[in-house]
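Protein chains: 2
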Amino acid sequence: MKIAICQINPTVGDIAGNRDKIADNITSASLKGADLVLFGELSLSGTPLYDLASHPDFTDRCQSAISDISEQESDCMSMVGLPIRQEDDYFNSVSVLSGGQEVTRFYKAMPVSRDELPYFAGIDSPEFGDGDGQEQLPANIVVCKDVRMLIAIGDDIQYLSSLGCFASKTERPDLIIHLNAKRFARNIIEDDAESYANLARELSTSIISCGITGGSVDTIFHGGSAIFDKKGNLMLRLSNFTEGMAIVDFTPEKGFTGLDGKPLNKKPLPVAGKSATTRHTYKALVMALKDYFAKNGFKRTTIGLSGGIDSAVVAAIAVDALGYQCVTGITMPSRYSSEGSVTDSRQLAANLNITCHELPIENIYASALETLSPIFGDSPFSVAEENMQSRIRGMLLMAVANKFDTLVLNTSNKSEAAMGYGTLYGDTNGALSLLGDVYKTEVYDLAEYINRNGEVIPLSIINKAPSAELRENQKDSDTLPEYGLLDSILYRLIEENMPPMECAIECDTSIDTVVWVARMLKINEYKRWQMPPIVSVSRTTLTRDRRMPLIAKY
Amino acid sequence: MKIAICQINPTVGDIAGNRDKIADNITSASLKGADLVLFGELSLSGTPLYDLASHPDFTDRCQSAISDISEQESDCMSMVGLPIRQEDDYFNSVSVLSGGQEVTRFYKAMPVSRDELPYFAGIDSPEFGDGDGQEQLPANIVVCKDVRMLIAIGDDIQYLSSLGCFASKTERPDLIIHLNAKRFARNIIEDDAESYANLARELSTSIISCGITGGSVDTIFHGGSAIFDKKGNLMLRLSNFTEGMAIVDFTPEKGFTGLDGKPLNKKPLPVAGKSATTRHTYKALVMALKDYFAKNGFKRTTIGLSGGIDSAVVAAIAVDALGYQCVTGITMPSRYSSEGSVTDSRQLAANLNITCHELPIENIYASALETLSPIFGDSPFSVAEENMQSRIRGMLLMAVANKFDTLVLNTSNKSEAAMGYGTLYGDTNGALSLLGDVYKTEVYDLAEYINRNGEVIPLSIINKAPSAELRENQKDSDTLPEYGLLDSILYRLIEENMPPMECAIECDTSIDTVVWVARMLKINEYKRWQMPPIVSVSRTTLTRDRRMPLIAKY
Numbered sequence: 001m002k003i004a005i006c007q008i009n010p011t012v013g014d015i016a017g018n019r020d021k022i023a024d025n026i027t028s029a030s031l032k033g034a035d036l037v038l039f040g041e042l043s044l045s046g047t048p049l050y051d052l053a054s055h056p057d058f059t060d061r062c063q064s065a066i067s068d069i070s071e072q073e074s075d076c077m078s079m080v081g082l083p084i085r086q087e088d089d090y091f092n093s094v095s096v097l098s099g100g101q102e103v104t105r106f107y108k109a110m111p112v113s114r115d116e117l118p119y120f121a122g123i124d125s126p127e128f129g130d131g132d133g134q135e136q137l138p139a140n141i142v143v144c145k146d147v148r149m150l151i152a153i154g155d156d157i158q159y160l161s162s163l164g165c166f167a168s169k170t171e172r173p174d175l176i177i178h179l180n181a182k183r184f185a186r187n188i189i190e191d192d193a194e195s196y197a198n199l200a201r202e203l204s205t206s207i208i209s210c211g212i213t214g215g216s217v218d219t220i221f222h223g224g225s226a227i228f229d230k231k232g233n234l235m236l237r238l239s240n241f242t243e244g245m246a247i248v249d250f251t252p253e254k255g256f257t258g259l260d261g262k263p264l265n266k267k268p269l270p271v272a273g274k275s276a277t278t279r280h281t282y283k284a285l286v287m288a289l290k291d292y293f294a295k296n297g298f299k300r301t302t303i304g305l306s307g308g309i310d311s312a313v314v315a316a317i318a319v320d321a322l323g324y325q326c327v328t329g330i331t332m333p334s335r336y337s338s339e340g341s342v343t344d345s346r347q348l349a350a351n352l353n354i355t356c357h358e359l360p361i362e363n364i365y366a367s368a369l370e371t372l373s374p375i376f377g378d379s380p381f382s383v384a385e386e387n388m389q390s391r392i393r394g395m396l397l398m399a400v401a402n403k404f405d406t407l408v409l410n411t412s413n414k415s416e417a418a419m420g421y422g423t424l425y426g427d428t429n430g431a432l433s434l435l436g437d438v439y440k441t442e443v444y445d446l447a448e449y450i451n452r453n454g455e456v457i458p459l460s461i462i463n464k465a466p467s468a469e470l471r472e473n474q475k476d477s478d479t480l481p482e483y484g485l486l487d488s489i490l491y492r493l494i495e496e497n498m499p500p501m502e503c504a505i506e507c508d509t510s511i512d513t514v515v516w517v518a519r520m521l522k523i524n525e526y527k528r529w530q531m532p533p534i535v536s537v538s539r540t541t542l543t544r545d546r547r548m549p550l551i552a553k554y
Numbered sequence: 001m002k003i004a005i006c007q008i009n010p011t012v013g014d015i016a017g018n019r020d021k022i023a024d025n026i027t028s029a030s031l032k033g034a035d036l037v038l039f040g041e042l043s044l045s046g047t048p049l050y051d052l053a054s055h056p057d058f059t060d061r062c063q064s065a066i067s068d069i070s071e072q073e074s075d076c077m078s079m080v081g082l083p084i085r086q087e088d089d090y091f092n093s094v095s096v097l098s099g100g101q102e103v104t105r106f107y108k109a110m111p112v113s114r115d116e117l118p119y120f121a122g123i124d125s126p127e128f129g130d131g132d133g134q135e136q137l138p139a140n141i142v143v144c145k146d147v148r149m150l151i152a153i154g155d156d157i158q159y160l161s162s163l164g165c166f167a168s169k170t171e172r173p174d175l176i177i178h179l180n181a182k183r184f185a186r187n188i189i190e191d192d193a194e195s196y197a198n199l200a201r202e203l204s205t206s207i208i209s210c211g212i213t214g215g216s217v218d219t220i221f222h223g224g225s226a227i228f229d230k231k232g233n234l235m236l237r238l239s240n241f242t243e244g245m246a247i248v249d250f251t252p253e254k255g256f257t258g259l260d261g262k263p264l265n266k267k268p269l270p271v272a273g274k275s276a277t278t279r280h281t282y283k284a285l286v287m288a289l290k291d292y293f294a295k296n297g298f299k300r301t302t303i304g305l306s307g308g309i310d311s312a313v314v315a316a317i318a319v320d321a322l323g324y325q326c327v328t329g330i331t332m333p334s335r336y337s338s339e340g341s342v343t344d345s346r347q348l349a350a351n352l353n354i355t356c357h358e359l360p361i362e363n364i365y366a367s368a369l370e371t372l373s374p375i376f377g378d379s380p381f382s383v384a385e386e387n388m389q390s391r392i393r394g395m396l397l398m399a400v401a402n403k404f405d406t407l408v409l410n411t412s413n414k415s416e417a418a419m420g421y422g423t424l425y426g427d428t429n430g431a432l433s434l435l436g437d438v439y440k441t442e443v444y445d446l447a448e449y450i451n452r453n454g455e456v457i458p459l460s461i462i463n464k465a466p467s468a469e470l471r472e473n474q475k476d477s478d479t480l481p482e483y484g485l486l487d488s489i490l491y492r493l494i495e496e497n498m499p500p501m502e503c504a505i506e507c508d509t510s511i512d513t514v515v516w517v518a519r520m521l522k523i524n525e526y527k528r529w530q531m532p533p534i535v536s537v538s539r540t541t542l543t544r545d546r547r548m549p550l551i552a553k554y
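Line by line, the protein sequences are chains A and B. Under this note's numbering, the letters of the first sequence match residues 1 to 554, in that order. Under this note's numbering, the letters of the second sequence match residues 1 to 554, in that order.
Chain copies aren't distinguished; within one or between two, either way the pair holds.
Cut-off 27 Å, straight-line C-alpha distance, at most; resulting in silico cross-link-like pairs (BS3-like, lysine-lysine):
(1) Lys290 with Lys553
(2) Lys522 with Lys21
(3) Lys266 with Lys254
(4) Lys283 with Lys553
(5) Lys553 with Lys299
(6) Lys522 with Lys299
(7) Lys145 with Lys230
(8) Lys2 with Lys21
(9) Lys32 with Lys267
(10) Lys475 with Lys403
(11) Lys290 with Lys403
(12) Lys230 with Lys262
If you're looking for bench data, these hints aren't it; they were derived computationally from the structure. The structure displayed is predicted, hence computed values, not measured ones.
Make a model of the complete structure from these sequences and hints.
Shown next, in the form of C-alpha cells:
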C-alpha cells in the first residue's frame with residue numbers, strides 16, 4: 001500500500017482555502033500512485049478554533065467541504081481532520097474518505113490541552129482502556145488494501161502507550177496511523193520522536209505520524225511527521241516548519257520501502273541540545289511572524305528600535321519572515337537615551353537594509369510634563385515620568401503603524417514579562433509578542449544564531465549592559481538580579497513549579513532573592529493579562545499555561 | 001438540628017484570612033446553638049484559582065488551614081470548600097469537620113465551567129449516575145443529629161436533576177446540602193431559585209443552598225444562599241451581594257423552623273425583569289470594583305471623564321464603591337471636543353462631589369503631529385490622528401494614576417468592545433473594565449437607576465448623541481447603526497449564536513447590516529484580547545465565554 005503523508009499548513013477558520021489545499025494534495029498524491037493520503041488533526045478547519053469549534057454554521061461548512069473533497073475523482077482513500085457536531089456536542093474528529101464518499105469517522109476520545117478541553121467533548125470508550133485495569137483493543141480500525149490500521153488522533157496515542165502491548169497477534173494492527181497537530185515547544189521534536197519510537201517498539205507495530213505545520217497566532221505547529229518501523233527505528237522524517245509530502249510503500253511483511261521498492265534507511269533520532277533548541281526556536285518565531293501577517297492580510301511591520309538586543313532580534317526575525325522592504329524601524333531617543341541607542345539602531349538598520357526613522361520624544365515629553373504640571377506640582381521624578389516616555393513611544397509607533405497600515409511587533413522578553421519590567425500600554429504594545437516566551441539569556445542565544453554567518457546584530461548591541469534608559473544612568477541590574485541568575489530562578493519557579501527554598505539552593509542564591517523574584521512574578525500578572533498574544537516556544541508560556549489570579553494574596 | 005448558613009466573601013488565595021473568617025463564623029454560629037455550619041464551594045481558598053489550584057504548596061497550606069479550623073473548640077459539625085491534591089490530581093472538594101478532626105471529604109464529580117475545567121480533575125462515580133440509564137443514589141452522605149444529608153458541590157447538583165426522583169424512600173436523604181460558588185450573570189438569581197425549587201419538589205426533598213459572595217477580579221459571586229422545603233417552597237433567602245449568616249432549625253418531620261420554634265414563612269420566588277436585572281447588575285458592578293480595590297490594597301481611582309454616558313456611569317459606580325474622596329475625574333478636551341465634554345464633566349463631578357482636573361491635550365497633540373511630520377508628510381487626516389488623541393489621553397490618565405498610586409478604570413462598554421469602536425492603548429486602558437459586559441443600551445438603564453433618587457448623572461450627558469469626538473462633528477451614528485438596533489443584533493450574534501439571516505429577520509433589518517456587524521465583531525477580536533479583565537454580568541462575556549481565533553478567515 002502506497003501511503004502519502006501530507007504535512008500541510010492550514011489557516012484556522014479558512015475552510016475553503018484548506019479544502020482546496022487538501023484536494024490538491026490528494027490529486028497530486030493520487031497521480032503518484034498513492035492508495036492512502038493522510039492529513040493531520042483538524043487539517044480542514046485549522047486549529048486552535050476555541051469557540052468557533054462549536055458554531056453550528058462552522059461545523060456544517062466543514063461537513064460540506066468534506067463532501068466536496070470526497071466527491072472529487074480519485075482512487076485513493078484519504079483521512080482528514082475536522083471538528084464535527086453530534087447533537088449538542090462537538091468533537092475533534094477524523095473523516096475517512098473512499099470511493100466518492102465518507103466511509104467512516106473517528107472521534108478523539110480525550111481532549112487534554114487547554115486549547116481543546118473547554119471546546120470539544122470526549123467520548124467514553126470502554127474499548128479504549130476503561131481505567132479499571134482491563135485495557136482493551138481500541139476500535140478505531142480501518143482496512144485499506146488488506147492493511148489493518150489503527151487510527152489515533154493527537155494525544156489519544158498516549159492510551160496506546162498505556163497498553164504496553166496488544167493482547168494477541170490477531171488484535172495487533174499492521175500499522176498505527178497517528179494524525180496529529182502538536183504545538184511546538186522547546187525539545188518537543190526530540191521528545192516526541194523518542195516516545196513514538198519507544199511506542200512502536202513496545203507494541204511491535206509500525207507508526208506513521210502525520211502532523212500539520214504553520215503558525216496560528218501564538219501557536220506554532222512544527223509538523224513532526226515521521227515513520228517508525230515496528231522495531232522503533234526512525235525510517236523517515238519530514239522537514240519541520242514547512243509543508244511537505246512523502247510517499248512510501250508499506251506491506252505488513254516487508255515494512256516500509258520507497259516507491260522504487262528499495263528499503264528505507266534507518267535514521268538517527270533527533271537529539272536535543274542547546275544549538276537545536278535555538279535553531280528550532282528561531283525557525284518557530286520566523287514561521288509565527290510570517291503566518292500571522294500572511295493569514296491576516298498584512299505585509300509590513302513597524303518596530304521600535306531601542307538600541308537593545310530584544311528589538312534587534314525582533315527586527316532580524318522580521319526581515320527573515322517578511323523581507324527587508326517590509327520592515328521599518330523607528331528609533332525614539334529621549335533626554336535619557338545613550339548615544340548608542342540611535343547609532344546602534346542605525347547600524348542594525350544598515351546591516352538589515354531596512355528603513356530607520358528617528359523620532360525624538362523630547363518635545364512631546366516636555367509638553368506632557370507641562371500639561372501635567374498643575375497636578376504633579378513639584379513632586380519628585382518617579383515611575384510616572386519613566387512610564388510616560390515608554391507610552392509616548394508606544395503612541396508614536398502605533399501612529400506610524402496606523403498611518404501606513406502596518407502592524408507593530410512587541411519586543412518584550414519572558415524575563416521582563418515575568419518581572420513586570422516594562423510599561424503597560426508602552427513596552428507591552430504590539431500585535432504579536434515574539435519574545436514573550438523567550439528568556440533574556442535565550443535572546444542572546446538567538447542573537448548569536450542570527451550572527452552565525454557574520455554580523456547582523458552589531459556587537460555593540462550584544463555587549464552593552466541592558467537598560468530601559470528611562471532615567472539618568474539607569475541599568476536593568478540596578479533593580480533586577482543579573483540575567484543569568486534571574487533566568488535560572490524564573491525557569492525553576494515557572495517551568496518547574498519549584499518551591500522557593502529548593503530554588504535558592506539550586507541557583508546558589510539567597511532565599512530573599514528568590515522570594516523577591518517570586519513576589520514580582522506574582523504581582524505583575526495584571527500586566528501580562530493585557531499583553532499581546534505571546535508566541536509559545538515553551539510548555540509553560542506565561543498567562544497561557546500558567547494563569548494565576550490577579551489578586552496577589554496567595 | 002440547627003443549621004447555620006454562612007455566606008462569606010473569601011479573598012482568592014488568602015488562606016489565612018479566609019481561615020480566620022471561617023473560624024469566626026463557626027464560633028459565632030456555635031454560640032447561637034448551631035449543630036451544623038455550612039460554607040460555600042472553595043470558601044477556604046476563594047475562587048477562581050486557575051493554576052494556583054495545582055500548586056502543591058498552596059493545597060498543602062489549605063490542608064493545614066483545615067486542620068487549624070478543625071482543632072478549634074466547638075461542638076458543631078462544619079463543611080468547608082477547598083482544593084485538594086490526590087497524587088497528581090487536584091480536586092474541588094468539601095471537607096467535613098467534627099469533633100476536632102476532619103471526618104470525611106467529598107469531591108466535585110464533574111467540573112464544567114471554564115474556570116475549573118482545565119484545573120480540576122473530575123471523578124468517575126458510578127454511584128452518581130453512570131450514564132447507561134441506571135441512575136443510582138449518590139454516595140455523598142453525611143449524618144448529623146440523625147439527619148441524613150446528601151452533599152452536592154456546585155453544578156454537580158445537576159446530576160440530581162437527572163435522577164427525577166430517588167429510587168426508594170429509604171434512599172431519599174432528609175436534606176440536600178448544596179455548597180455552591182455561582183458566578184453572577186443576568187437572571188441567574190431567578191433561574192437558580194426556580195430550578196432548585198423544582199428540584200426540591202421533584203425529589204420531594206428539602207434543599208439548603210449555601211453560596212459565597214464577593215468580587216474576584218472579573219468574577220462576581222452574588223451569594224444565592226437559600227432554603228427550599230420538600231414541596232419546592234422558598235423558605236428563606238439571604239441577601240445577595242453581601243455577607244450574611246442565617247440559622248434555622250430542621251427536623252425531617254417538621255421541616256424548617258426558626259430558632260424560636262416558629263415555622264418559616266413561605267416566600268415568593270424572585271422574578272426576573274428589566275428593573276431587577278438593572279438593579280442586580282449595578283450591585284454586581286459596585287461589588288466588583290470595591291473588592292478588586294480592597295483585595296489588592298488600592299483605595300483610589302482615576303477616571304477619564306469624556307462628557308459621555310459611559311464614563312459618567314463608571315464614575316458614579318466608583319463613588320458608590322470607594323467613596324467620593326477616593327475618585328478623581330480628569331477631563332481632557334481636544335480641538336475636536338464639544339464644549340459639553342468639559343462642562344458636563346464638571347457638572348457630573350459637582351453632583352458626585354469628586355475632584356475633576358482639566359488637562360487639555362492640544363499641546364501634546366500638536367507636538368506629536370510636529371514630531372511625526374517628517375514621516376506623515378501631507379497625508380490626509382486619518383484614523384492614525386484619531387487614535388493619537390485617545391492614546392495621549394490614556395498616557396495622561398496613567399501618568400496621574402502612577403504618580404499618586406491609584407488605578408485607572410476602563411470605561412468601554414460591550415457594544416464598543418464588540419465592534420472595536422475604541423482605541424487600543426487609549427480607550428481600552430485600565431485595571432478593570434466595569435462596563436465591558438454591559439451593552440450601550442444597558443448603560444442607559446444603569447444611568448436611569450443611578451438617577452432614581454434625583455439627578456446624579458446630568459441629563460445633558462444622558463440626552464446627547466454618543467460621540468468619540470476625535471474629528472470634526474463626529475458621531476457614533478456616522479459609522480455604527482443606532483445603538484438600539486446594534487445591541488439587538490449583537491445580543492443575537494453573541495449571546496444566542498444566531499445565524500445572520502435569522503438575526504436580520506428578528507431585528508427587522510437588512511442582511512447587509514447584520515453581516516457588517518458580524519464582520520466587525522470578528523475582525524476586532526485582537527483588540528479585546530488586550531483589554532483589561534471585564535467584569536462578567538452575562539453568561540457570554542466577550543473573550544471569556546466567546547473566544548475566537550485572531551485570524552479572521554472564518
